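Q: So the chains spell out like this:
2 protein chains.
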Amino acid sequence: MKFFDCATAPSPKRVRMFLSEKNLDITVVEVDLGARQQHGDAFVKLNSHRTVPVLQLDDGTTLTSSAGICRYLEAAHPEPALMGRNPTECGLIADLDWRIEQEGFLAVGESFRNRAKSFKDHAVTGEHPHAQIPELVDRGRTRAEHFMSWLDKQLNQREFVAGDQFSVADITAFVAVDFAKWIKLEAPAEQKNLHRWFAAIAERESAKA
Amino acid sequence: MKFFDCATAPSPKRVRMFLSEKNLDITVVEVDLGARQQHGDAFVKLNSHRTVPVLQLDDGTTLTSSAGICRYLEAAHPEPALMGRNPTECGLIADLDWRIEQEGFLAVGESFRNRAKSFKDHAVTGEHPHAQIPELVDRGRTRAEHFMSWLDKQLNQREFVAGDQFSVADITAFVAVDFAKWIKLEAPAEQKNLHRWFAAIAERESAKA
Numbered sequence: 010m011k012f013f014d015c016a017t018a019p020s021p022k023r024v025r026m027f028l029s030e031k032n033l034d035i036t037v038v039e040v041d042l043g044a045r046q047q048h049g050d051a052f053v054k055l056n057s058h059r060t061v062p063v064l065q066l067d068d069g070t071t072l073t074s075s076a077g078i079c080r081y082l083e084a085a086h087p088e089p090a091l092m093g094r095n096p097t098e099c100g101l102i103a104d105l106d107w108r109i110e111q112e113g114f115l116a117v118g119e120s121f122r123n124r125a126k127s128f129k130d131h132a133v134t135g136e137h138p139h140a141q142i143p144e145l146v147d148r149g150r151t152r153a154e155h156f157m158s159w160l161d162k163q164l165n166q167r168e169f170v171a172g173d174q175f176s177v178a179d180i181t182a183f184v185a186v187d188f189a190k191w192i193k194l195e196a197p198a199e200q201k202n203l204h205r206w207f208a209a210i211a212e213r214e215s216a217k218a
Numbered sequence: 010m011k012f013f014d015c016a017t018a019p020s021p022k023r024v025r026m027f028l029s030e031k032n033l034d035i036t037v038v039e040v041d042l043g044a045r046q047q048h049g050d051a052f053v054k055l056n057s058h059r060t061v062p063v064l065q066l067d068d069g070t071t072l073t074s075s076a077g078i079c080r081y082l083e084a085a086h087p088e089p090a091l092m093g094r095n096p097t098e099c100g101l102i103a104d105l106d107w108r109i110e111q112e113g114f115l116a117v118g119e120s121f122r123n124r125a126k127s128f129k130d131h132a133v134t135g136e137h138p139h140a141q142i143p144e145l146v147d148r149g150r151t152r153a154e155h156f157m158s159w160l161d162k163q164l165n166q167r168e169f170v171a172g173d174q175f176s177v178a179d180i181t182a183f184v185a186v187d188f189a190k191w192i193k194l195e196a197p198a199e200q201k202n203l204h205r206w207f208a209a210i211a212e213r214e215s216a217k218a
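Each protein sequence line maps, in turn, to chains A and B. Going by the working numbering, the first residue of the first sequence is number 10, and it counts up by one from there. Going by the working numbering, the first residue of the second sequence is number 10, and it counts up by one from there.
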């Protein structure tokens, strides 16, 4: 099993945290996104979508999304459970994780990719060029602000995003809030639940992964 | 268990097909999106995100995304398996389903919602207003065209999206291709794998759900 990573990028950090929480130690191949290695022939052959993270299984199966990679790892290595231990938990964690990705993680990415010079003509991840759209810089930021406000409420009287157990939803939310620094967005001080939770997650070994 | 549905909307159709494939018959509450019922007090109390589908479990847990709802239903009613029968299948199906949603289903939605008069100031689903961005009409359509081209290749020598077993990835892809008619986009005739597969899925009982 090989994990194609990029130490500075937020998407593969989700997988690094997941692997760390599972105590899994696997072969890592660093992909230099800054040097545009993801557009090189060798990488495109592995993943035509030209993105990291990628997990290549021993039978050659290639998984090219955090969603697919984490789902595989959870099924292959069930303990500690990060995606629920019964149907209701599985549903709730998947539900929250989906929302956090859409409204938090991808909203920050929308704002960042539509402004950063290095993403000119690559405002959407993947092989096809897409011009930046200036309106999305503000829209993404506004959406990320709404996400933080929602997350703060969600964490009211809850230790973790989905309740009293740490889950993949905490990983996605932690990486999203951290990623927001890239657009110079920090949660307002009055979002006390969010700040308490973020500080606690940052103390975990996996947060350094 | 109660399912909040809207018979004419594409998102809840994903859940209707999933329920049908599982042979589950549950209480359905129709939400009239045309009459903006999702913004009414009763519905907002149930789901502050103001979207369908919603699945309310008997213990009061409320799931507000296709991802969360299908994950719950799969765990609670494992047969027939629609999300994989072993770790590799689980990972691969989650991976494909994620990509199909992002690059197919949501791309069509992006094009549609940024043009349709009824979505003026509501170009993004949810409680917060967002103005339409005209550039996204074309960008969403282009992304959906790329998705169809990818899907056609993915279906080369495969009966179903993930291989020889029908899965949730077929449901998401089928609804996405069908939804594309809303933006007057049909797969080109030369995408023969896609057309063969679409016709086969359309014959299933669940496609009429």
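Certain hints may be false.
No copy is singled out in the list; a pair is fine if it fits within one copy or between any two copies.
Pairs of lysine to any residue residues, derived as SDA-like cross-links and limited to a Cα-Cα distance of at most 25 Å, are as follows [said to hold, decoys possible]:
#1 K31 <-> E154
#2 K162 <-> E39
#3 K31 <-> R205
#4 K31 <-> A51
#5 K126 <-> Q111
#6 K54 <-> A198
#7 K31 <-> N95
#8 K193 <-> P89
#9 K54 <-> S158
#10 K54 <-> T97
#11 K11 <-> R94
#12 K11 <-> D41
#13 K54 <-> N202
#14 K126 <-> F169
#15 K129 <-> E88
#16 K11 <-> E154
#17 K162 <-> K201
#18 K11 <-> I35
#19 K129 <-> T151
#20 K162 <-> E136
#21 K217 <-> H137
#22 K162 <-> N56
#23 K193 <-> L42
#24 K162 <-> P143
In case anyone wonders, no lab produced these hints; they're calculated from the structure. All values derive from a computational prediction rather than experimental measurement.
Q: Against this structure, judge whether each hint is valid.
A: Hints, one by one, checked against the model:
1. In this assembly of identical chains, K31 and E154 lie within 25 Å of each other by CA distance neither inside one copy nor across copies; the values are 31 Å within and 39 Å between.
2. When the C-alpha separation of K162 and E39 is checked against a cutoff of 25 Å, the pair qualifies neither within a copy, at 37 Å, nor between copies, at 28 Å.
3. Proximity of K31 to R205 under the C-alpha cut-off of 25 Å is restricted to the intra-copy arrangement: shortest distance 24 Å within a copy versus 42 Å between copies.
4. Taking CA atoms no more than 25 Å apart as the test, K31 paired with A51 passes in neither setting, with 29 Å inside one copy and 41 Å between copies.
5. With identical chains, the CA atoms of K126 and Q111 are at most 25 Å apart both within one copy (24 Å) and between copies (24 Å).
6. For a Cα distance limit of 25 Å, the shortest separation of K54 from A198 qualifies neither inside one copy, at 46 Å, nor across copies, at 27 Å.
7. Taking identical chains as interchangeable, the C-alpha atoms of K31 and N95 lie at most 25 Å apart whether they share a chain (18 Å) or sit on different chains (18 Å).
8. With identical chains, the CA atoms of K193 and P89 are never at most 25 Å apart, being 34 Å at best within one copy and 47 Å at best between copies.
9. Only between protomers do K54 and S158 lie at most 25 Å apart by alpha-carbon distance; the minimum there is 17 Å, versus 41 Å within a single protomer.
10. For a Cα distance limit of 25 Å, the shortest separation of K54 from T97 across copies, 20 Å, qualifies, whereas the shortest one inside one copy, 39 Å, does not.
11. For the homomeric pair K11 and R94, the shortest alpha-carbon distance between copies (22 Å) is at most 25 Å, but the shortest distance inside one copy (27 Å) is not.
12. Taking CA atoms no more than 25 Å apart as the test, K11 paired with D41 passes inside one copy only; the shortest distance there is 16 Å, against 48 Å between copies.
13. In this assembly of identical chains, K54 and N202 lie within 25 Å of each other by CA distance solely across copies; the values are 22 Å between and 44 Å within a copy.
14. Neither within a single protomer nor between protomers do K126 and F169 lie at most 25 Å apart by alpha-carbon distance, with minima of 36 Å and 40 Å respectively.
15. Taking CA atoms no more than 25 Å apart as the test, K129 paired with E88 passes in neither setting, with 42 Å inside one copy and 47 Å between copies.
16. For the homomeric pair K11 and E154, neither the shortest alpha-carbon distance inside one copy (36 Å) nor that between copies (32 Å) is at most 25 Å.
17. Taking the shortest alpha-carbon separations for K162 and K201, only the intra-copy value of 10 Å comes in at or below 25 Å, while the best inter-copy value is 49 Å.
18. Proximity of K11 to I35 under the C-alpha cut-off of 25 Å is restricted to the intra-copy arrangement: shortest distance 7 Å within a copy versus 43 Å between copies.
19. For the homomeric pair K129 and T151, the shortest alpha-carbon distances inside one copy (21 Å) and between copies (18 Å) are both at most 25 Å.
20. Taking the shortest alpha-carbon separations for K162 and E136, only the inter-copy value of 15 Å comes in at or below 25 Å, while the best intra-copy value is 38 Å.
21. Proximity of K217 to H137 under the C-alpha cut-off of 25 Å is found in neither arrangement, the shortest distances being 33 Å within a copy and 34 Å between copies.
22. For a Cα distance limit of 25 Å, the shortest separation of K162 from N56 across copies, 14 Å, qualifies, whereas the shortest one inside one copy, 38 Å, does not.
23. Taking the shortest Cα distances, K193 and L42 sit within 25 Å of each other inside one copy (22 Å), while across copies they are farther apart (37 Å).
24. When the C-alpha separation of K162 and P143 is checked against a cutoff of 25 Å, the pair qualifies neither within a copy, at 30 Å, nor between copies, at 33 Å.
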